[in-house]
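A.B. asks: Sequence lines, in order, name chains A and B.
All residue numbers for the first sequence refer to the numbering used here, where the first residue is 6 and numbers rise by one.
All residue numbers for the second sequence refer to the numbering used here, where the first residue is 6 and numbers rise by one.
Hints were generated in silico from the structure; no laboratory data involved.
Each hint should be verified, as a subset may be incorrect.
One copy or two, either will do: identical chains are not told apart, so a pair holds if it fits within one copy or between any two.
[Stated by the list, open to error] No farther apart than 30 Å at their CA atoms in a straight line, the calculated lysine-lysine pairs in the DSS-like style are these: (1) K229 / K399; (2) K137 / K112; (3) K137 / K293; (4) K136 / K293; (5) K249 / K137; (6) K136 / K112; (7) K132 / K112; (8) K293 / K72; (9) K54 / K72; (10) K119 / K319; (11) K72 / K112; (12) K319 / K72; (13) K293 / K229; (14) K72 / K136; (15) K54 / K397; (16) K29 / K54; (17) K29 / K72; (18) K397 / K293; (19) K72 / K132; (20) K137 / K72; (21) K136 / K119; (22) K29 / K174.
2 protein chains.
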Amino acid sequence: MQQKNTLTVLKFGGTSVGSPERIKRIALEITRRSALGEDLVVVVSAMGKSTDLLVQLAHDITPTPCKKEMDLLLSTGEQVSIALLSMAIKDLGFSSVALTGAQAGIKTDALHSKARIEEIDTSRILKHLSKKHIVVVAGFQGISAEGDITTLGRGGSDTTAVSLAAILKCPVEIFTDVDGVYTTDPRVYAKAKKLKEISYDEMLELASLGASIMETRAIEIGHKYSVPMTIALNTFDVEGTIVKELDDTMEKKVVTGMTLTDNCLMVSIAMIPYTSKNVSQLFATIAKEHIIVDMISQTAPYNNTVNLSFTTYKEDRLALEEILRAFKQEHNSIDYYLDDQLVKLSVVGIGMVSQSGVASRLFSLLSDHDIKFYQVTTSEISISYTIHSSDKMKAIQTIADDFEL
Amino acid sequence: MQQKNTLTVLKFGGTSVGSPERIKRIALEITRRSALGEDLVVVVSAMGKSTDLLVQLAHDITPTPCKKEMDLLLSTGEQVSIALLSMAIKDLGFSSVALTGAQAGIKTDALHSKARIEEIDTSRILKHLSKKHIVVVAGFQGISAEGDITTLGRGGSDTTAVSLAAILKCPVEIFTDVDGVYTTDPRVYAKAKKLKEISYDEMLELASLGASIMETRAIEIGHKYSVPMTIALNTFDVEGTIVKELDDTMEKKVVTGMTLTDNCLMVSIAMIPYTSKNVSQLFATIAKEHIIVDMISQTAPYNNTVNLSFTTYKEDRLALEEILRAFKQEHNSIDYYLDDQLVKLSVVGIGMVSQSGVASRLFSLLSDHDIKFYQVTTSEISISYTIHSSDKMKAIQTIADDFEL
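All chains, please: the whole structure from these sequences, using the hints.
C.D. replies: Set out below in structure tokens:
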């Protein structure tokens with residue numbers, strides 16, 4: 006009886022393909038698995054710091070490079086990786102093919118630098134799989150209907166890998182330089198514990214709250230199409246964390262994890278004349294500039310004005326200041342300030358849904374330890390604070406000890 | 006009355022786009038000409054040493070990288086250049102579009118690393134020209150019918166530029182780091198003179214004989230389609246050399262120029278059993294390995310054996326040695342040796358066709374000055390010698406002085 010081969014999508018990030026030696030190392034692992042009969046689609050990012058070098062080149066030309074040309078430029082990074090990895094695989098005596106995003110059939114909209122995958126034409130990938138080729142695909146990139154090369158933005162290679170797994174109906178393994186998902190960042194808090202399993206929802210909260218293991222978009226796609234995802238170390242020697250649908254076998258802790266975001270810019274606007282139109286127009290303008298807004302909190306109106314805070318990434322500061330200046334011209338009464346000396350601290354746990362008292366326990370902990378918090382937001386399974394950067398370590402220690410993370 | 010815009014293809018080599026500053030410099034010149042109403046298609050090579058770096062990366066993976074992956078890897082070099090140049094043009098307020106070889110419709114055969122252009126679908130270029138965009142095209146690369154990225158080999162960007170000019174029925178200007186075609190290499194012989202005009206035939210001889218200004222394939226295409234070509238300095242401040250059909254206005258010198266090829270490997274085979282089949286089979290094997298053979302000389306048979314010499318490029322040494330070993334196994338009698346301590350010296354002049362005595366004048370010159378020559382070949386308008394590297398400077402001086410080059 007002929008055994009049907011299993012198909013898996015593997016994804017390797019920039020560190021994993023950071024040097025010829027590392028590329029040869031992962032080629033060895035890929036061919037080992039191929040020799041065991043697995044069909045493999047391998048998605049790779051650009052080598053280590055190569056994207057930074059390309060960005061620098063562009064900025065040496067102009068401070069405001071056109072996004073379309075920027076995509077064309079940056080996409081060369083993954084093209085180099087796929088060529089080298091495919092060479093390394095062939096050098097080990099295996100059949101392999103290297104495909105750019107366009108060649109792999111990844112069709113996106115034309116929103117350069119932040120494109121979204123609209124459709125994947127898998128015919129070329131399937132043709133090569135049927136010929137027993139290891140298929141190496143450039144992450145992070147696609148092609149628009151106009152035939153222009155696009156990039157998927159932040160975490161784009163994860164998005165490529167999970168989207169391919171979704172359409173090929175197979176699991177995906179994300180190899181990275183951490184060996185799994187931890188209760189909190191082990192580089193910051195040495196006693197952090199590795200999770201064996203985590204639900205999509207918790208993973209999404211952890212990721213969107215700043216755990217830099219996987220980008221939220223990729224997790225969302227994984228969740229939507231129920232793609233089994235494993236996050237594991239790129240040295241292949243330890244078991245990683247499985248991300249899957251929540252089931253009864255999962256341990257139900259009140260708090261699963263805690264994340265910290267350093268790259269955090271808090272915007273506070275006071276005395277906005279109270280009409281909901283004003284606030285929605287502000288966010289519409291921000292969205293039009295493709296600035297990603299993270300935490301939003303608005304307090305109830307008082308004296309016919311409302312106060313509003315939100316956080317975003319520091320690199321959007323210039324664009325935001327321009328928007329706020331225009332907003333102030335329209336509404337003379339408002340007062341705004343930006344603060345980038347803050348970090349965002351988030352605590353996540355599926356148990357929060359059913360157990361009350363987590364928020365009050367956190368508030369007490371922070372106040373007992375003299376940790377000032379500024380903005381506060383909550384979701385069903387998380388609570389987030391902005392705190393002063395200097396309080397970061399104290400907050401982590403305090404919360405991790407108390408919730409046994 | 007509306008004036009019809011003239012269309013010109015400009016080509017910039019690796020040195021011309023070697024740094025962001027140089028790219029900005031040529032963007033300035035391109036937009037200056039565009040502002041004067043010219044329609045422009047600009048073909049660029051990879052930045053300076055970037056191709057060498059990519060080759061090094063590949064060789065860090067494997068000593069024998071697959072050619073298909075190599076093409077995918079190397080083609081990123083020009084992709085970076087077109088993205089940066091298009092950014093620089095847009096930064097000066099002009100409309101521009103950057104196209105890879107594939108996007109520009111350059112369709113080739115599947116002979117990776119030495120592909121030939123089979124067809125150019127100019128629809129996308131023409132669409133952008135009609136919208137008054139400056140069209141920036143990646144040289145050196147194309148796409149095969151299978152959808153794989155190919156490269157055109159040695160001098161490929163010149164081939165791209167001249168082929169585009171041929172199909173677009175317009176002139177091409179090749180910008181380089183020399184300011185025109187000289188009677189001999191001015192870096193080697195300071196008193197060399199710049200030519201104002203040269204015929205395709207002479208240019209072809211000079212190029213195929215080692216003048217590294219333009220690759221022969223590009224000149225051949227230019228000749229075939231009568232593309233007016235100008236070779237000029239990439240600083241845009243001096244007049245270059247025009248390559249065109251021979252006409253009566255051209256000065257008829259016996260000898261137009263002299264070239265030297267350093268990268269020269271001479272193969273000599275003695276005592277080949279005399280049947281023309283033996284020699285033709287040898288060259289068939291060499292051609293199958295895509296080794297380019299340059300000078301060939303065979304002496305008339307003697308004692309039923311023939312002696313044969315030919316030159317090729319040093320990088321093909323390993324492949325050649327393998328072929329020769331096999332050839333020796335088949336024909337035990339033969340004796341062969343390879344010599345790479347030689348340079349090839351060639352003297353070119355359309356006047357040679359009609360004026361006799363040039364060869365004998367050269368032979369005398371060399372012997373009078375004690376310059377040993379090994380292989381000798383002639384064409385209608387050229388004569389070539391291999392001489393010892395140590396005699397190089399003496400030979401140049403002697404011939405240039407005598408023929409007033």
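A.B. asks: All the hints need checking, so say for each whether the structure fits it.
C.D. replies: Evaluated hints:
1. K229 / K399: So K229 and K399 fail the 30 Å test inside a copy (37 Å) and across (77 Å) alike.
2. K137 / K112: both (24 Å within a copy, 28 Å between copies)
3. K137 / K293: between (45 Å within a copy, 29 Å between copies)
4. K136 / K293: Close across copies (27 Å), not inside one copy (45 Å); limit 30 Å.
5. K249 / K137: within (29 Å within a copy, 53 Å between copies)
6. K136 / K112: Both: 24 Å inside a chain and 25 Å across chains, each within 30 Å.
7. K132 / K112: Answer is both: 18 Å inside a copy and 22 Å across each meet the 30 Å cutoff.
8. K293 / K72: within (15 Å within a copy, 45 Å between copies)
9. K54 / K72: Both, since 20 Å and 26 Å are each at most 30 Å.
10. K119 / K319: within (17 Å within a copy, 48 Å between copies)
11. K72 / K112: Answer is both: 18 Å inside a copy and 27 Å across each meet the 30 Å cutoff.
12. K319 / K72: Close inside one copy (19 Å), not across copies (44 Å); limit 30 Å.
13. K293 / K229: within (26 Å within a copy, 53 Å between copies)
14. K72 / K136: between (37 Å within a copy, 20 Å between copies)
15. K54 / K397: within (28 Å within a copy, 46 Å between copies)
16. K29 / K54: Both, since 18 Å and 25 Å are each at most 30 Å.
17. K29 / K72: between (33 Å within a copy, 18 Å between copies)
18. K397 / K293: neither (33 Å within a copy, 67 Å between copies)
19. K72 / K132: between (33 Å within a copy, 21 Å between copies)
20. K137 / K72: Cα proximity of K137 and K72: across copies only (20 Å, versus 37 Å in one copy).
21. K136 / K119: Close across copies (26 Å), not inside one copy (34 Å); limit 30 Å.
22. K29 / K174: So K29 and K174 pass the 30 Å test inside one copy only (28 Å; across, 48 Å).
This entry does not satisfy hints 1, 18, going by the numbered hints stated previously.
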